[in-house]
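Student: Residues per chain, in single letters:
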Amino acid sequence: MTTDHTTLDRFTERLDDFDVSHTLTTPDGVPDAIEAVSDSPAVGVELPDSLGRLPDVVRTDPSPSDLRAAVTGVTHATLGIADYGSLVLPSTPDGAEPVSLYPDRHVAVLAEDDVVPGMSEALAHLGDRFRADGGDAIVATGPSATADMGALVKGAHGPKAVHAVVVQS
Amino acid sequence: MTASDRRSKADHIRHILETEGDAVAANTQGFNAGRYESVADLEAYEDLKSEARAIKEDAIERLPDLLSDLRTAVEANGGTVYLADDAADANQYIRDVVEDADGDRVVKSKSMTSEEIELNEALADDCDVVETDLGEWVLQLADEAPSHIVAPAIHKSREGIAELFTERFDPEDPPETAEELTMFAREKLGEQLADADVGVTGANFLTADSGTMALVTSEGNARKTVAATDTHVAVAGVEKVIPSVEDLRPFIELIGRSGTGQDITSYVSLLTPPVDSPTLDFQRDETGSAEDREFHLVLVDNGRLAMREDDDLRETLYCIRCSACSNSCANFQQVGGHAFGGETYSGGIATGWEAGIEGLDTAAEFNDLCTGCSRCVNACPVEIDIPWINTVVRDRINRGADAELDWLVDGLVPDEEPSGLDPQKRLFGNFATLARLGSATAPVSNWLADTGVSRRLMERFVGIDRRRDLPTFAAETFREWADGRSTVANPEREVVLFPDLYTNHVQVERGKAAVRALEALDVAVHVPDVPASGRAPLSQGMIATARDHAETVADELLDHVEAGRDVVVIEPSDHALFQREYEQLLDADRYRALADGSYELFEYVYGLLANGASADALASGDGRRLAYHSHCQQRTLGVERYTEAVLDDLGFDVVTSDVECCGMAGSFGYKQEYYDVSVAVGDELAAQFTADGVDDRTVVASGTSCLDQLDDLLERPSKHPIELVAPTARTERVSGD
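In order, the protein sequence lines correspond to chains A and B. Mapping of the first sequence onto UniProt numbering: position 20 corresponds to residue 20, and the numbering continues sequentially without gaps. Mapping of the second sequence onto UniProt numbering: position 328 corresponds to residue 328, and the numbering continues sequentially without gaps.
Calculated from the structure, these hints are not laboratory results. A hint or two may mislead.
[To be verified] Computed list of lysine-lysine pairs in PhoX-like fashion (alpha-carbon distance at most 20 Å, straight line):
| no. | chain 1 | residue 1 | chain 2 | residue 2 |
| --- | --- | --- | --- | --- |
| 1 | B | K512 | B | K719 |
| 2 | B | K719 | A | K160 |
| 3 | A | K154 | B | K512 |
[To be verified] Example chain B residues on the side facing chain A (calculated, C-beta under 10 Å, incomplete):
| no. | residue |
| --- | --- |
| 4 | A185 |
| 5 | V245 |
| 6 | G359 |
Computed from a predicted structure; not experimentally measured. Cβ atoms here follow ideal geometry from the backbone N, Cα and C, with glycine treated the same way.
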């Protein structure tokens with residue numbers, strides 16, 4: 001998959017619309033980019049090789065109590081959806097879903113090449129995957145939010161803030 | 001309905017208006033404004049709606065096959081599927097699942113279907129059940145029912161929630177702000193989630209190809225409900241299945257925009273359970289294998305398969321519960337789901353759901369709050385004709401359980417309706433008869449109607465609220481005035497001007513003005529001898545009577561259409577009837593011919609001007625300042641823009657209202673039980689027209705009801721815009737002058 005320039009622009013504009021900050025970097029720059037936005041304690045799941053590695057401050061294999069204590073959670077996103085500034089988050093046996101959900105800040109790492117223009121392209125990828133192997137994906141757009149308490153508040157049950165690290169090859 | 005039933009209904013509605021009205025109005029109107037904004041940014045909006053509609057039509061058509069495919073897919077993934085016939089069946093199955101899991105606590109994310117089957121009550125004896133959606137949790141603590149299908153606690157103020165938390169938890173540092181209240185709830189619910197055993201979710205969509213479920217949420221509680229528990233139970237109506245993952249696209253793009261006005265909600269969880277995440281044991285502080293997860297999909301019939309066989313209720317099954325029909329409804333905006341709702345569902349589409357699931361009695365409790373204004377029609381992302389469902393259900397309620405017996409005495413009453421029909425509905429449904437009598441005996445009829453004794457009797461026997469001014473019947477009807485009158489010789493075009501009931505008997509001046517305006521534009525005008533359109537009986541749910549009217553009107557008017565004459569309609573609700581509802585009442589060809597051959601008055605004037613007629617023949621606006629309220633049904637058809645354009649072209653300075661409906665809606669505002677909600681809706685319009693810079697403008701409105709409502713609520717008079725546009729004197733083009 002390749003992503004043309006305008007798709008990336010649209011994606012980052014929409015990230016802004018939904019209050020998601022972002023960093024553009026290369027695989028080598030990933031540990032620093034993550035560390036710059038991660039408050040401790042931080043937990044994470046290992047990134048796919050092509051996306052670089054986690055900085056040392058991020059602890060993997062968190063226990064349930066680590067999850068509840070963590071301030072930052074680092075996971076990768078399998079897709080970005082430009083039209084909505086959405087991050088598509090997988091569920092993995094090593095716990096990407098709870099790591100992206102429990103801490104107050106979620107840092108998502110994704111490849112620029114995995115940013116697709118719209119919902120149809122994203123669902124085409126996911127449809128093939130789900131039909132072949134099952135699997136889960138959270139289409140996450142902005143932080144967790146609620147208006148049930150009389151005004152819009154971020155961080156209802158999930159993260160209060162989200163940061164995207166976009167990896168350019 | 002007896003007089004005392006009407007009074008108690010009026011009291012109930014007044015109480016809700018006073019206690020919940022402000023909070024409901026602020027929230028629903030916010031959602032509604034958000035919808036307009038959000039869909040305006042979506043280029044393919046109309047196409048996506050049609051696509052969503054087509055997917056649902058196809059899915060319901062093929063439902064048995066898709067359910068079978070879904071079962072195969074879920075079972076292949078390692079889950080279990082249970083098809084429950086009804087609520088008791090579903091609850092028994094879920095109780096067994098909870099027992100097998102040794103479940104002491106069940107956590108739930110928001111699910112309307114679980115509310116429909118009253119799952120919480122069914123589980124209460126065996127375990128602790130905790131709602132994790134913040135709004136639902138507030139209601140669980142307060143022991144109150146949802147007032148909205150998406151945002152269940154919109155009737156509660158922030159202050160009310162703060163008081164509730166303080167009372168229930170007696171915290172050392174009581175939370176007050178929205179932020180503090182949210183964090184307090186998050187903390188409390190976090191503890192409950194941590195030692196929960198079973199997680200119950202709904203499912204917004206289920207894809208038959210892969211066994212994937214979509215959950216549309218914003219808080220993240222559904223994610224935690226699934227992640228934190230080893231046993232996942234999803235409860236969903238059978239209608240939630242769609243063919244494929246790719247088919248999710250229009251729904252994901254439309255559901256948030258249509259409902260709360262969000263381009264997309266924070267989380268759309270696409271799960272193919274059992275999910276791949278490790279289990280979390282917060283007590284032992286251990287994670288376990290995803291292999292230990294269990295998944296049960298409970299598909300609920302509970303009347304849906306019968307709705308699928310019902311030609312009029314079937315469309316209800318396309319509903320994706322986005323709440324657009326609630327938020328766009330002027331009445332719902334004032335009273336919310338505690339008045340405009342049944343056992344589970346609320347808003348316009350609730351009539352279909354409650355009629356199909358609970359029965360007509362439940363639907364009858366709130367169905368009359370749909371006035372057929374049709375503002376929900378364009379808002380619905382799956383293009384459901386919600387007003388029609390309300391009309392059909394009203395008809396069924398009118399006919400009652402003993403409909404067959406009633407048919408025997410049908411011949412004894414002047415309409416096509418059953419003998420048990422509510423006298424209030426019969427009166428308004430036969431308004432044509434009343435108007436004929438009123439004009440024939442005017443002005444005596446008007447004097448008599450206006451005495452205190454008459455008003456008390458009318459209130460008591462037919463529930464006409466005595467606070468509402470009654471229409472004044474003209475002694476000379478519009479048709480009598482037009483009869484034998486000569487018109488333009490050698491005209492550019494010929495029209496038949498439809499003498500709607502209101503123009504004919506009450507708003508006679510707008511009829512005369514319409515004739516003057518059209519003749520000034522070199523159009524010959526005939527006012528035919530046709531009966532009323534059928535709008536009045538249709539709005540009372542008297543479909544057979546309305547169909548009778550429609551057939552006769554079509555017989556008369558189609559002769560003119562075939563002779564090359566255009567049909568012009570002054571009353572927007574009748575124009576809308578020809579364009580929309582006649583499709584349900586006439587055969588397809590006749591409906592199409594009349595719809596294509598008929599025009600709203602200003603639409604027609606606009607067309608004449610656009611095709612070379614001279615605007616000089618009409619009155620000049622000279623910068624005259626107007627406040628214009630277009631009719632709800634006019635706006636659904638998008639024809640209000642012609643009035644605005646013509647007024648603008650003629651040099652009037654126009655501001656327009658920004659409300660969904662005036663609240664009068666034909667007979668609705670006259671009815672004792674609904675007078676207060678009608679005025680509450682109208683007050684929003686009145687406030688716009690009495691605001692600074694608008695309060696000195698001349699008020700114009702297109703609909704009879706709107707004019708009635710504005711006359712009642714404003715101190716200055718209002719009139720139909722054609723009365724300002726028409727030349728004051730009869731044009732010299734008319735032969736014989």
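Student: Which numbered hints turn out to be false for this structure?
Tutor: 2, 3, 6
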